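Protein chains: 4
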Amino acid sequence: MSLEHFFLTRKRTEDFCKPLSVEDYTPQIALHASPMKWQLGHTTWFFETFILNKYQKDYKIFNKSFSFLFNSYYNNIGDRLSRDNRGVLTRPSVEDVYAYRKYVDDEIELFFNQNDDDETNALLEIGINHEEQHQELMITDLKLLFFNHPFKTQYKPNGSLLEDSIDNEESKWITIEEGIYNIGFKGKGFSYDNEHGQHKVYLQQFQIGKNYVTNDEYIAFINDGGYNRFELWLDEGWSWVKENNIKHPLYWDYKDNKWYQFTLGGVEIINPKSILGHINFYEAEAFARWKGMRLPTEFEWEIASKHFNWGKRWEWTNSAYLPYPGFKTADGALGEYNGKFMINTMVLRGGSVATSPNHSRNTYRNFFHPHYRWQYSGIRLAK
Amino acid sequence: MSLEHFFLTRKRTEDFCKPLSVEDYTPQIALHASPMKWQLGHTTWFFETFILNKYQKDYKIFNKSFSFLFNSYYNNIGDRLSRDNRGVLTRPSVEDVYAYRKYVDDEIELFFNQNDDDETNALLEIGINHEEQHQELMITDLKLLFFNHPFKTQYKPNGSLLEDSIDNEESKWITIEEGIYNIGFKGKGFSYDNEHGQHKVYLQQFQIGKNYVTNDEYIAFINDGGYNRFELWLDEGWSWVKENNIKHPLYWDYKDNKWYQFTLGGVEIINPKSILGHINFYEAEAFARWKGMRLPTEFEWEIASKHFNWGKRWEWTNSAYLPYPGFKTADGALGEYNGKFMINTMVLRGGSVATSPNHSRNTYRNFFHPHYRWQYSGIRLAK
Amino acid sequence: MSLEHFFLTRKRTEDFCKPLSVEDYTPQIALHASPMKWQLGHTTWFFETFILNKYQKDYKIFNKSFSFLFNSYYNNIGDRLSRDNRGVLTRPSVEDVYAYRKYVDDEIELFFNQNDDDETNALLEIGINHEEQHQELMITDLKLLFFNHPFKTQYKPNGSLLEDSIDNEESKWITIEEGIYNIGFKGKGFSYDNEHGQHKVYLQQFQIGKNYVTNDEYIAFINDGGYNRFELWLDEGWSWVKENNIKHPLYWDYKDNKWYQFTLGGVEIINPKSILGHINFYEAEAFARWKGMRLPTEFEWEIASKHFNWGKRWEWTNSAYLPYPGFKTADGALGEYNGKFMINTMVLRGGSVATSPNHSRNTYRNFFHPHYRWQYSGIRLAK
Amino acid sequence: MSLEHFFLTRKRTEDFCKPLSVEDYTPQIALHASPMKWQLGHTTWFFETFILNKYQKDYKIFNKSFSFLFNSYYNNIGDRLSRDNRGVLTRPSVEDVYAYRKYVDDEIELFFNQNDDDETNALLEIGINHEEQHQELMITDLKLLFFNHPFKTQYKPNGSLLEDSIDNEESKWITIEEGIYNIGFKGKGFSYDNEHGQHKVYLQQFQIGKNYVTNDEYIAFINDGGYNRFELWLDEGWSWVKENNIKHPLYWDYKDNKWYQFTLGGVEIINPKSILGHINFYEAEAFARWKGMRLPTEFEWEIASKHFNWGKRWEWTNSAYLPYPGFKTADGALGEYNGKFMINTMVLRGGSVATSPNHSRNTYRNFFHPHYRWQYSGIRLAK
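Residue numbers (the UniProt record's numbering), protein chains in the order written: chain A, 1 to 383; chain B, 1 to 383; chain C, 1 to 383; chain D, 1 to 383.
Heads up, some of the hints might be wrong.
Chain B regions said to be covered by chain D (calculated; three or more residues, Cβ under 8 Å) [to be verified]:
(1) 26 to 32
(2) 84 to 95
(3) 145 to 154
(4) 321 to 335
(5) 350 to 358
For the record, the hints were derived by calculation from the structure and aren't laboratory data.
Values in this document were obtained by computation on a predicted structure and should not be read as measured data.
The beta-carbon is built from N, C-alpha and C at its ideal position, and this holds for glycine as well.
Can you make the complete structure from the sequences, with help from the hints?
Written as structure tokens, this is what we have:
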């Protein structure tokens, strides 16, 4: 079953590339985004490095230089291409990278057929989850790339159907009582180290929205001078607004008295009842303050999540990304996966339209710096 | 009694200036530090703006332009000198700023004698606490200024006696049991809005050090390659080490096989048994990891603080500076005091040799960006 | 005859692309370099804009958006893609750009056959010369691109044969007598506005080298501490050396006691007798000072040029790029070709192995900022 | 006589300081400007280093550390305070710097009385000329400092009388015939190495303005959209205008339909008939182009200078600052005086209201980067 999951995942990645021209694979549009070619190689390198090269006897590395090119941030593995240089990879060709994928896929199949045990399944699961994470980045990075093309190229026809979810239920509030609750992952199935260590937290009574904030609610914030009123913003948020002359969410544009947004299908008129996305923590926090409310903590979110639907937008919480009690970084390279980013980042909970199916869960801790907007990130209010 | 406290505070500030030449008052040595002249004016402006100008009938402002010059970050009050321009204030003269202080002091006395009620005392108390906070910054900013002078000028003879505290008790561990605890300020006496809203938290069992980490313990970390081992550092911490070529704490220097440090009394040999200071969060966190331990959370620290001595170094906690449940920013300018900095900063607890006497308490929440080192900041370990 | 020249030029450009993969056409490796795709489009746009669109009745523009994409720096023509954004052009595809070239070539042929008069020939000549200039940039920009690839990819096998010219004649000096000389272009054939206005200059007697400076002469400069001795450098040159930690020419590398250089054919051992290249003005000037000599002025070079061979390396002169007496910027867009760069640039004379055949002449004034090294630029000494 | 000149010069420098408060001496307002305290020390250090320390037997240096503090750019002399750190010198005190001046003055007097020979006079003359150059910088740097103070402090009452020269003669043109002319200094009296080497140049016939360009002529340029028309500007000039959002000369301001300028006496209404100042090369060049004229070369200026009055504004020429034929950098530290700046700078000729009396001459070559505006720099047109 896991091997089937492996192949489904690998195929899903490649399916994302179908609308691309050969030339679309190479450019790096921003330091925090990666070229599709690099991501195709990197997700493959992950399987090769952490499974084949480590456990498969006599495994012959596809191409030694790829370890340098496709290592992301694992200091343990050795030297690597610096992050700001990923856009220079005209070679290897897209074709070669697909050949690399094929080679590793075949070897993984071979290895799995020889070693269908729990340990192998666990390793495979990490690699699959890693690739699923990158699938989300592929979508968001491609969207950013096409947006920055002089002509705001579409990713594919009707691409907006993939992302522009309607959420027009009546707004309601869910109340959670004060008390002790269990937080963190426990049980079977895959999970990351940063969600381990189930532990008790004490929560005060709170209310949380049943629905996401929608575009028209955010337009009301804009129309009320939201981007011009310092008192609504964190100090750093206000500096960010001023320095970058921000007037609306990423991908939005206002002309001829109408709001437009760039989508995977090109520029479209904004649907006011659809769920707000592509805002950063500063915007989420300012919006909540303007409403006289606040963002939930990640603990509140986790406890309340059984009572509402989620998964269309990553939801900014007002929790910093920090270790759970007893969190311990694993030895070796995989220990670099999560723990070393536990500073100056905020937790997002839930999942988005770009998240791979079944990849998320209500204990999942996503995290980004508070200024980033290129993810499908939105708001759920608390009070 | 409060008026007496007021005059003591005002005098204490001016006593700090006795070792200074007229020219020492003006330069701004770093964006995050302020000139002494500006601080003398700003703390005075605070009393003038939030008490006299608001509540004293027919109060005549000393000099209208000072509101522009000496406003720090209160958008509510109006335009202000930009932070990076505080070093240009050759005018008003030091003498004029002292005249400003005298004028406001006299007016406050007059006002207080007319209105010795609870409300006036409360206002005065905020102003005093504000000035006490700046007293600490005056010391740390002057230290940075003199350190950056080509000749590492001393602040005053024997200045190191003010800061270089010995802490050579035997190391011990305090154990705190799992359970529900109350966190936050409750009761009489002054406190800031950010520590209000006493609330329950659930703590897992933990142990915390009775003593501060000392210089020789940190030297062992350095000697063990602490600054060269990526696996000990948060990702941003490692970038900070590499980009700035960091090899030791701020103010330290190594020559002829000995460690030296710059103190308020000039450069001196480091006392190995003295308490480590002037490190940032990245260094504190890396040291703890190297020890196989961790930093306490601010909640752990607060609960454990009755069981140990504190007050010589601000102690980095592994808690991000975020609002307590029910935290509400006050209306108007004083609402800008604390809340708007609740992002990308970490909480420090305790107090330091530079903290004004009686200014701190065990619910006090100090906060700085994780890269700053110019405060007297140190480490207490937990596990 | 000119139409034949046109087609030869167009073909020569495309021949340069034969060793490229589709993906090599897109990245912009530095702000001062342009992607091959952009250059293919831009040289075509030049013919379309300044000939077809202006003079061909009912000419139908190939694609309106291309005017935005492929305008380089002609403010007169209107808005354009900002220079730092040329690397984002994954669309149009390489195929589309070739189709654009074909379309314009066909239209030019048609136009020329209808209008084979002097004016048309003159227009064509400008476009051809413009494309020839870009041919040189294509070579130098591709070299920089491949050099910056993690594996220093070769442009093509034996590529070094294209550039690594041997110049091992015995060194000799040519003496030119004091007197009045004529400078500037006069006569038939193509020339640029910046070389027009033949005029008299008075030259003092001087001597100039018959040969270029060779690699081994420059190695002697390095070995004598050339990059460590401030007294040999202009103040800005010395800052450039220190800030960039320069120790040798661009493309050079020293390992295992041998000097290597990156060439169009990959990394090769340096031939000591070959002509030095890829140095900037600062290096040329420092080398000359180290020799106790100097660089010639552009006037000295022009007068002496009948007495030596040139054309393998652009030769830095000690003349700033400034207008000749009576220089007048032409009206309209073509007036932006040369004149507006007459500040902070130095004149190079001659030509290089990358210069298109017959493109240069001894009155030709090439110019670059003094810090650039990616052209085939070398030294001829004077005294 | 020279000793008298020495004392007059030294006194003139100190007279400039009379309007200053102690605190005005320290700040460095821009990287290209220096604090008055530093300039007082540096001009003194020059005499101490190049005369007393070199030639006076048993000379006792006033304070060893001053050599580090007050060396400007002489690599030959050794380590020095980095240029961006001159604003940190709260110590030595202003008083100490005056004591340093007194000490060196006394020693120079002693030395001169012992050695009143030609060589000593020559050395003294260099030092005097050096200090005269700094006197001009003192004025321009103080003006910049006071301009940047939040309240645009005046240097002294009626300070504008020092600078705001009227030049309302009728505009006339002087014609110089084509031919060979001698350029460069020859004869007795002081001069710098960069003007030595008198040599012949061939000039085409040209006309040059008898008068400076006045404020109202420049206002006409502004009103005609001068700062919005790319076609009037050099490419770098246009970038400078756009990036810095330039709309008028430095120190100018437009409000309530009137033009104001900051002067040494504070902000005043602009006198339209007074001479334009504080513009950079880009502005001078654009203005000339707008007029359909051009800037003179430095050679044209030198030859024509006998026919007009000059000395109120430095006049931008269209000549780059480059060596005269036979120019040779002197050995040792004084060789760093001029030659090493011969790149990316343009020559200004004449002198200004801030130039020390008798300091200039018609062969004097001043030079600055083309973007600087803080000098009293203006325009004389040629055609």
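Here's how the hints hold up against the structure:
1. 26 to 32: Satisfied; 3 residues make the cut.
2. 84 to 95: With 8 residues closer than 8 Å to chain D, the stretch 84 to 95 of chain B meets the three-residue bar; holds.
3. 145 to 154: holds (count 6)
4. 321 to 335: Per the Cβ count (0), the hint is violated.
5. 350 to 358: With 0 residues close enough to chain D, the hint is violated.
The structure fails to meet hints 4, 5 from the earlier list, while all remaining hints are met.
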